[in-house]
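Protein chains in written order, with our numbering: chain A, -6 to 317; chain B, -6 to 317; chain C, 6 to 374; chain D, 6 to 374.
Just so you know, these hints were derived from the structure itself, not from any lab. Be a bit skeptical, because a hint or two may be false.
[Unchecked claim] Distance ranges between label pairs, derived from CB positions:
(1) A13(A) x G99(D): 54 to 62 Å
(2) T196(A) x Q56(D): 20 to 28 Å
(3) Q243(C) x D14(B): 30 to 38 Å
(4) N359(D) x A343(C): 54 to 62 Å
(5) A13(A) x E360(D): 30 to 38 Å
(6) T245(A) x D103(D): 54 to 62 Å
Even for Gly, the Cβ is constructed at its ideal location relative to N, Cα and C.
One-letter residues, chain by chain:
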Amino acid sequence: MTEITMVQAVNHALRDEMRADDDVVVLGEDVGVNGGVFRCTADLHAEFGDDRVIDTPLSESGIIGAAIGMALYGLRPVPEIQFSDFIWPAFDQITSELAKMRYRSAGQFTCPMVVRTPYGGGIRGGHYHSQSPEAYFTHTPGLVVVVPSTPYDAKGLLRAAIRSEDPVIFLEPKRIYRAPKGEVPDDDYTVEIGKAAVRREGTDFTITCYGAMMPVAMEACEKAAEKGWQGEVLDLRTLLPLDEEALLASVTKTGRMVVLQEAPRFCGFGSELSAIVAEKAVDVLEAPIKRVAGFDVPFPYTLEHVYMPHADRVMHAIDEVMTY
Amino acid sequence: MTEITMVQAVNHALRDEMRADDDVVVLGEDVGVNGGVFRCTADLHAEFGDDRVIDTPLSESGIIGAAIGMALYGLRPVPEIQFSDFIWPAFDQITSELAKMRYRSAGQFTCPMVVRTPYGGGIRGGHYHSQSPEAYFTHTPGLVVVVPSTPYDAKGLLRAAIRSEDPVIFLEPKRIYRAPKGEVPDDDYTVEIGKAAVRREGTDFTITCYGAMMPVAMEACEKAAEKGWQGEVLDLRTLLPLDEEALLASVTKTGRMVVLQEAPRFCGFGSELSAIVAEKAVDVLEAPIKRVAGFDVPFPYTLEHVYMPHADRVMHAIDEVMTY
Amino acid sequence: MTSDMLQIISESGKALADDDTDLTEDQLVAMYEAMVRTRALDERMIKLQRQGRIGFYVPSTGEEAAQVGSGMVFESKDWLYPSYRVPGLFLMMGASLDDMVANCYGNEADLCLGRQMPVHYAFGKLNIVSISSPIGTHIIQATGTAMAMRMKQNNALTATYFGDGGTSSNDFHSGLNFAGVDKSPVLFICSNNQWAISVPIEKQTASKTIAAKAEAYGMPGVRADGNDVLAVYQVCKQAADRARAGEGPTLIELMTYRRGPHSSSDDPTRYRGNQADEWMERDPILRFRKYLERRDLWSQASEDALQQREKAAVNEAIKRIEKLPPPTLDTMFTDVYAKVPPHLRAQYEELVENEGTGHEADPDAAFPL
Amino acid sequence: MTSDMLQIISESGKALADDDTDLTEDQLVAMYEAMVRTRALDERMIKLQRQGRIGFYVPSTGEEAAQVGSGMVFESKDWLYPSYRVPGLFLMMGASLDDMVANCYGNEADLCLGRQMPVHYAFGKLNIVSISSPIGTHIIQATGTAMAMRMKQNNALTATYFGDGGTSSNDFHSGLNFAGVDKSPVLFICSNNQWAISVPIEKQTASKTIAAKAEAYGMPGVRADGNDVLAVYQVCKQAADRARAGEGPTLIELMTYRRGPHSSSDDPTRYRGNQADEWMERDPILRFRKYLERRDLWSQASEDALQQREKAAVNEAIKRIEKLPPPTLDTMFTDVYAKVPPHLRAQYEELVENEGTGHEADPDAAFPL
Ligand SMILES: Cc1ncc(C[n+]2csc(CCOP(=O)(O)OP(=O)(O)O)c2C)c(N)n1
Ligand SMILES: Cc1ncc(C[n+]2csc(CCOP(=O)(O)OP(=O)(O)O)c2C)c(N)n1
Ligand SMILES: [Mg+2]
Ligand SMILES: [Mg+2]
């Protein structure tokens, strides 16, 4: 066990998988000598060289398109998109090609790969270095969407993703890239894709979360506990395919639900969670399902700290569902 | 009043607005001499010439990017994307630029325009000529998203969209492009953006729908009426900003809700409708909120007729909410 | 046609000075047969579409030389990223007529299980990558495969086909740019048939030629008469040799003409005059036939036999395939992921429970493109 | 540096043969002053960032000639689509130091109301379009504006600035392609500073030059020494004259070097040696100063006065701006649409009701790029 940051966890996962499998290659902008603007690919170029750690031209559609071609040929590429805000030039490749290749060719062609990209606010990046794009990917059949919230999960999920036969969008919550650190085993392990984790058991209400909102949910539950309310924190980890069983089990237990996400609320990922519960477990609800989310505006720079959901705002929602 | 198709309604709206305002221009692939692959821009090139009806190179990102530059300069462009399935190369321009220009410049620059594009299944177009992409746009603050379901609305909403100061994504349900025809006034009129329409009044349950699902909802209500259940059909027409008031009013009246959409279910637009009701009107619900949607798979060709929601499938959902 | 364009057979079928092809007589005849086979298939399929027996088709009439001349240079280790207008290439590489026809019927015999429209082929065993509708996306994918080949140093190459319209796409730019930097072994083959549906080449680009675009990416750009199968072969062969030798990518422009409609849904009389007529005279099959006749490799008798044989082969394939049933309902839910996840299993079960399999396709649905 | 690159002032400040500039002596001096002003602002702002007083900055050190030489050719009816590395251009076009500084503070005085990061300027009154972070998107927008200008036949032009990295973007391709076909009056100005963060130009493109890419779009491509303000001026002036005369677009490559870090978040020692040093000697300001001194237009005394004046001006602007409060909470919800729609009004009201305005920014947040 070592205490490391999420950046290091990602870095070690890449390094270990590259050591284990010569077909694993990394490509993207500044991932080579520079080691990535967040240092996630640090030292890989020195160890694995130009062919396996590729600094590409400035084209996200090129990065993903080339990675698809590599994957089709049998490599196992792990492209990095420097910020998820810059993934849109590649969206055609992702949604039209990556997500549909297996289906449209009836399994004759597949392109397993992991698209790594930091997402979310909290680093004073403003408009274009802060957005949370998960809902655009979770509405796209054929993709797997993973969001770790701890260094342990980051390493274990990334290794599982690299070994998976499906294309994975791996969203890294950059706000918690460097803190808090977490215990990570030194030996080989993976975290299963498709399984949520209960981060805190509780009986009074459920908070769903993922990524950088996990610690916010935990903090809000501390506040709620002061009022005597025990919250259950369900960290989804994989958004697609969703661990619906875990979701319904928790809400059935607690009867109350707060949906937490950084992304704008309208048509966000959290809306699906509400919809599933309203469809399959409406009877267990003792209160409305409250959503705490980014406002439905572009991500602002100076007012970032107001924009982003924080424990106090979550606490307001908890108050509402508990006192309904 | 004349009986015309939705294609003609779109065509007349463009023609009338171009006659009324020299700054309105149309651009896209095959919109010129050819009059558009669906004939929506027929005869415009002959009347308005090369400068105002522009056949562009094959680049959606170019079409939308150029339209943004035109709009910033004061023109009122109406770009056409030939099929909404091909809009993804332009998604960066739409989500990063078009949607955010007013906000990020604090109103110093605005780019009002209408992005017209046919969407949806029902023409045996398979994978890439059938998808329903509304949820990708409705999760993007700054965009207005409009979906007409009748020739009357198509003309009135398109005219309103062209005159609006906001960027509008105008999704045309191509399955009902040519039938049924509908009465359309010959004189100037608009349909207000942001307002839903009750297509059928009912007291027992609400079906939400838009576009080509509106007639399907109507047909399903006929079937339900045979069982003595009176459904209310709420045609949303504008998906963003949503007419939340109309939604809540209808569900409050009926207490039961079926959400209908062609797009895949998971994280689809309909999920937001469920979430809103679960958040703001959960107490009125006498049954779970049922969703009828495309399956969470890429759009298939041969099995299109099975894939697409039809009245029988809607009727199953009505049965479930009515007999709960 | 401009002077920097390679021509080996004149329009009247005469060999021009530089006819030093390395092709054997058998190969030449086989190429001719492949061209005729391609047209026989195309003509039959477009008729099937007109008869309402298949939903859609894209003919390649007049572009057979581009397909067959280039198809001669590939080895089985090579990978192809085709466009929708190269059925003859697939036949050359070993695709069976049954597989081609089944794709257009989209029934249970379709290698793609009817998931895409007709003409969106994929041949996994032949390394012919699944065609998709979005224009251009495959160009950078081809580069990616070629980057992997360069890493593996296995002398394989990738070739990708696209139209003049495709050169405006985003991934033409990224595809050529990445390949130029990487020196990947890839042939970028543009069938410049001068139209992208209704948009003529002058509205597509102001570049003097498509080949000239190569300079922007630091690679050679070459041009051949795309209706001259030997010229096509020669530029492709040279590019392939360079690619295998580690000398990197080439952009190849094949000058030709889209003689027919864009697809079964298109009506070209709406946007162009009788320009197509002058290209009838430049027919690549006729031209090559004259050439072969001059070299005494072909006769009216062999022609008659070939025509009959090829038409019969297509008809037999149709007879075999047409009667097969559509893919079963479960195929709607498989291959989305490697394993069917719980939510798709549930959707499938609900479908079967609620509806059975009794639905009929809408007979009025008609595709406009 | 290659021979096809225009140079007018030698590196030692000597006028080369073809110094037939149409610039007056006053203009020459004003250009020099603008270059010094640009550097004074940059140096002060990067210091502010190091002191934690602003969150982020992008210096343009060493690229002042590219900004000022090009900035001379624009008229007030022209439109500019800039990159983030041309603060000097804005000053030349009439942006006030207060507006520049306020943008970096993102407070209530910011013309963009603190909605974007520092250096993402927009000057509506000057037709300088809002900068966004995504690389390349503005290039095709510039073409769109120029297409509108061509339609209106008003002799106006559009210019857009981008880096060598930007030439790989999708919208470089669409922007130049559309402009080539349309013959739009637009100047595509590439500051080839040879780096895109850590990626050197050789990994960006295999094209021999950036200017060579023009041919792919059927437009002229020209190249100038980007550290020679008169050479920059001349190529831009010629391109502007052509654009106004209806002769269409030009791709202009300005050869320069990114002397500093990519941004305040970047550490170039990680990926490049002391290559920057050799470019210190090619400093565009020093070179132009020598030239002016040779022509007796400049002296040590004028230099001292200028330096003092410019630094003081920046400091005064900072003093005025720094003390202003952040934008008010309601500005988070305005300008999403022309009118605030009901759901945003509701979100604003809920925010105010639940939280007041008491939140503090996270002092640990640090931007990596
Ligand atoms: C991204 C995208 N935009 C638009 C279309 C619609 N479309 C299909 S084919 C075509 C023209 C293609 O022309 P070209 O590349 O020259 O190939 P050709 O058909 O001439 O062989 C268009 C516009 C598409 N399939 N994909
Ligand atoms: C689409 C996109 N991808 C990645 C980035 C991150 N990024 C910011 S600047 C930059 C390099 C730009 O280099 P260049 O165009 O040469 O301009 P320079 O910084 O040298 O002036 C990168 C990769 C971005 N802003 N946008
Ligand atoms: Mg073509
Ligand atoms: Mg640069």
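Verdict for T245(A), D103(D) (Cβ pair) under range 54 to 62 Å: Between T245(A) and D103(D), where Cβ atoms are some 59 Å apart, the hint holds.
Is it true that Q243(C) and D14(B) lie within 30 to 38 Å of each other by Cβ? Given about 55 Å between the Cβ atoms, the range is violated.
Whether the CB-CB distance between T196(A) and Q56(D) falls inside 20 to 28 Å: Taking Cβ atoms as reference, T196(A) and Q56(D) lie about 50 Å apart, which means the hint is violated.
Note whether the CB distance of A13(A) and E360(D) lies within 30 to 38 Å or breaks it. About 49 Å separates the Cβ atoms of A13(A) and E360(D), which means 30 to 38 Å is violated.
Distance restraint hint 54 to 62 Å, applied to the beta-carbon atoms of N359(D) and A343(C): Given about 45 Å between the Cβ atoms, the range is violated.
54 to 62 Å was suggested as the range; check whether the CB atoms of A13(A) and G99(D) agree with it. With Cβ atoms ~60 Å apart, the hint holds.
In summary, the structure is inconsistent with hints 2, 3, 4 and 5 from the numbered list given earlier, while agreeing with the others.
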